[in-house]
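Enquirer: The lines below spell out each chain.
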Amino acid sequence: MDREIQRSESPLSRQSRPTPTQSSAEILALEPVGAYHRLVLDTGSDVAARVSPGHFAALAIGGRDSSMLLRRAFSIHRADPGAGSIELVFAVHGRGTKALAAHHVGDSVDLIAPLGTPFPLSGGPVAAVLVAGGYGSAPMFGLAEQILDRGGRVGFVLGAASADKLFGVGLARALTPHVAVTTDDGSYGSKGRVTDPLPGMIRELGATEVHSCGPMPMLRAVTEIATAYGARSHTAVEEAMACGIGICMTCVLPVVGEDGVTRFERSCTAGPVFDGTKVRWEDAGTLPAGLEGADAMNPHRVPAR
Amino acid sequence: MSNIDMSAPLGSHVTLPNPVSTASGCAGYGRELHRFVPLSSLGTITTKTIMPYVRSGRPTPRMAETPSGMLNSIGLQGSGIDHFVEHELPWLAEQGARVLVSIAGERTEEFAEAAARLKGQPGVVGIEANISCPNVANRGLVFACDASSAYETVRAVRDAADPAQPVYAKLTPDVTSIVDIAAACTQAGADGLSMINTLLGMVVDADTLRPRLAGTTGGLSGPAIRPVAVRCVYQVYAAMRAGSVRKVPILGMGGITSGRDALEFVLAGASGVALGTVLFNDPSAPVRVLEELESALAERDFTSLQQAIGFAHTGN
Ligand SMILES: Cc1cc2nc3c(=O)[nH]c(=O)nc-3n(C[C@H](O)[C@H](O)[C@H](O)COP(=O)(O)OP(=O)(O)OC[C@H]3O[C@@H](n4cnc5c(N)ncnc54)[C@H](O)[C@@H]3O)c2cc1C
Ligand SMILES: Cc1cc2nc3c(=O)[nH]c(=O)nc-3n(C[C@H](O)[C@H](O)[C@H](O)COP(=O)(O)O)c2cc1C
Ligand code: FES
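Sequence lines, in order, name chains A and S. So the first sequence is numbered by full-length UniProt numbering: it starts at 1 and just counts up by one. So the second sequence is numbered by full-length UniProt numbering: it starts at 1 and just counts up by one.
Bound-form chain A, shown alone (with noise of 0.2 Å):
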């Protein structure tokens, strides 16, 4: 293996998986912002007492004679467990995501939560940079508190093709004074990319976390940064899923393990959130080199025994 996969143990407590729950949702508030629709559900369930930031939800659409079998996901913006309720915010992608935009406060959507691996946090305080492209942003708010809480401090890098892609900049704008803002366009805040302020935010900060959320050139480039600055990097991928739980397969990136061995991992079940410097960002889509089993994907090798 040619890159450096030796990390120093990380002080951040992975966070154990919990229980799904599927349930039929309703809609308890359906509406625009900006270039995306919020959507509220009802859980009616402790699924809201059990997320945390990172997490995901699985939506079936259109019910059991539904022709989109697949199920579709959406990562948690916020979860109120009070009200026993979640709330999402998604773009209007393809058939799927049209329909679900065209529901009605009352309608009940099919819903499995919480799902994936969340952000790992820490019990102290730290200083983290929290970077999102586009709806990328939805689980970052959840994610600040958090680590407000612990006493720590955060900053944001929020970007976008365009200002109405941004989603939170005032959410950002409540929790820390420390917020960049960039579109492709310059239609809203500086006009780059976020790996453009990135930097500038970590050394502010003395950060030693970035959590990003966004498309995968994105999630690889601010890997990169955040490492050549010294600071672990956590990424929420986002990869096609046809379940969301674990038993397809069809949601795989090449990860290199504790072992150092690369293998195909589930981003449902061992992500969204992986550290992005075990992903082989380059390498997705492609059986790279030193892929376990890769070698038995050539009909003309020769059998191991």
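Hint data in this document are derived by calculation from the structure and do not stem from the laboratory. Check before you lean on any hint, since a few could be wrong.
Below, a sample of chain S positions facing chain A; criterion: calculated Cβ distance under 7 Å [stated by the list, open to error]:
hint	residue
1	32
2	54
3	62
4	147
5	148
The following label-pair restraints were derived from C-beta to C-beta distances [to be verified]:
hint	chain 1	residue 1	chain 2	residue 2	range
6	S	207	A	163	36 to 46 Å
7	A	102	S	116	24 to 34 Å
8	S	295	A	125	52 to 62 Å
9	A	99	S	311	32 to 42 Å
10	S	139	A	64	40 to 50 Å
11	S	141	A	99	40 to 50 Å
12	A	99	S	231	29 to 39 Å
13	S	227	A	161	55 to 65 Å
14	A	44	S	82	42 to 52 Å
15	A	99	S	295	41 to 51 Å
16	A	28	S	207	27 to 37 Å
17	S	299	A	45	48 to 58 Å
Just so you know, even glycine gets a beta-carbon here, dropped at the ideal spot from N, CA and C.
Since the structure of chain A is already known, use the hints to place chain S with the ligands on it.
Expert: Just chain S with the ligands now, kept in the frame of chain A:
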């Protein structure tokens, strides 16, 4: 609830409390599904296909949603039979799961090797030989597309396997005559037939102008293929009635989402039904489908599952 006898034969000396199984590759090795459905409540859980060695599977993208279906090209990712026997099977046995272990190889000997490793293992109620995969020794032709390869492989698995474990052969519908393959498998000693596996399909992405899946083609599953699956079960059961295929239980699958769908397979000749793609939509489907099937039988005045098996063939 009604008093329907839901017991279902798996082989001549194995009977299951109910006919509902999971389809291979759609429930992993059970751990994740167990959070939604207690595995002991299933007739059997069929594992993801296991090979004698570690396999990475294919690169991503591995799936595409299609109308009432999906394409997958997972490529049999797995940690190998030893890992399964050491790390997954003991847990499954502890849960009281009845496990139908799906095995495969790229050569006949590899099938036999995997089958032998399962001898006497607690929890294993049977073996499903997934012969719908390429035979490296026969120019990559799928075992189940060639009657003599199918015969040879099923024979080898039957010989290597624990005599107490029924051996099922999993058939692909992508053949000229599924009846001929079914005949070859039962002649070779198969104790049951699982059908159907996915149909080969493909999506070209009209935006990227390229095939959607990294593997170019993939297997089509879900309700979109149900009529093909019912046809296959019906044809093979008809051949059994006519005496041209030895009579063995059929595990029917392909797009089942409800008890009514399951009943369709039973009436066509299936003794058991397996749920695949529906689990991605509704992981608690097995419990629901079993209840719905039981009610559907009661509503039609059947007093046992057994009575309904192949009923569509009678009186016409
Ligand atoms: C962990 C996670 C968190 C996410 N959080 C959010 C969020 O907070 N807000 C938001 O708007 N979107 C989020 N997404 C992306 C969202 O899941 C997709 O945009 C959505 O599934 C597209 O569905 P569709 O029916 O519109 O598109 P289609 O293309 O019709 O979807 C077909 C199938 O492909 C899958 N799929 C397609 N695109 C994606 C994708 N980008 N990621 C995962 N699966 C995909 C769908 O789940 C579905 O099974 C998240 C994805 C993941 C994996
Ligand atoms: C994601 C996925 C993975 C599968 N993996 C396997 C497998 O490993 N072995 C196998 O014999 N069949 C596999 N199948 C086929 C199913 O077991 C089943 O035969 C087929 O999907 C039809 O049933 P369904 O329409 O209910 O899904 C897979 C199907 C899907 C959708
Ligand atoms: S989405 Fe099905 S295993 Fe991850």
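Enquirer: Could you run down the list of hints and mark each one as holding or not?
Expert: Each hint, compared with the structure:
no., hint, result
1, 32, "holds, 4 Å"
2, 54, "holds, 4 Å"
3, 62, "holds, 5 Å"
4, 147, "violated, 22 Å"
5, 148, "violated, 20 Å"
6, 207/S <-> 163/A: 36 to 46 Å, "violated, 25 Å"
7, 102/A <-> 116/S: 24 to 34 Å, "violated, 55 Å"
8, 295/S <-> 125/A: 52 to 62 Å, "holds, 58 Å"
9, 99/A <-> 311/S: 32 to 42 Å, "holds, 38 Å"
10, 139/S <-> 64/A: 40 to 50 Å, "holds, 43 Å"
11, 141/S <-> 99/A: 40 to 50 Å, "holds, 42 Å"
12, 99/A <-> 231/S: 29 to 39 Å, "holds, 31 Å"
13, 227/S <-> 161/A: 55 to 65 Å, "violated, 44 Å"
14, 44/A <-> 82/S: 42 to 52 Å, "holds, 44 Å"
15, 99/A <-> 295/S: 41 to 51 Å, "violated, 30 Å"
16, 28/A <-> 207/S: 27 to 37 Å, "holds, 35 Å"
17, 299/S <-> 45/A: 48 to 58 Å, "violated, 33 Å"
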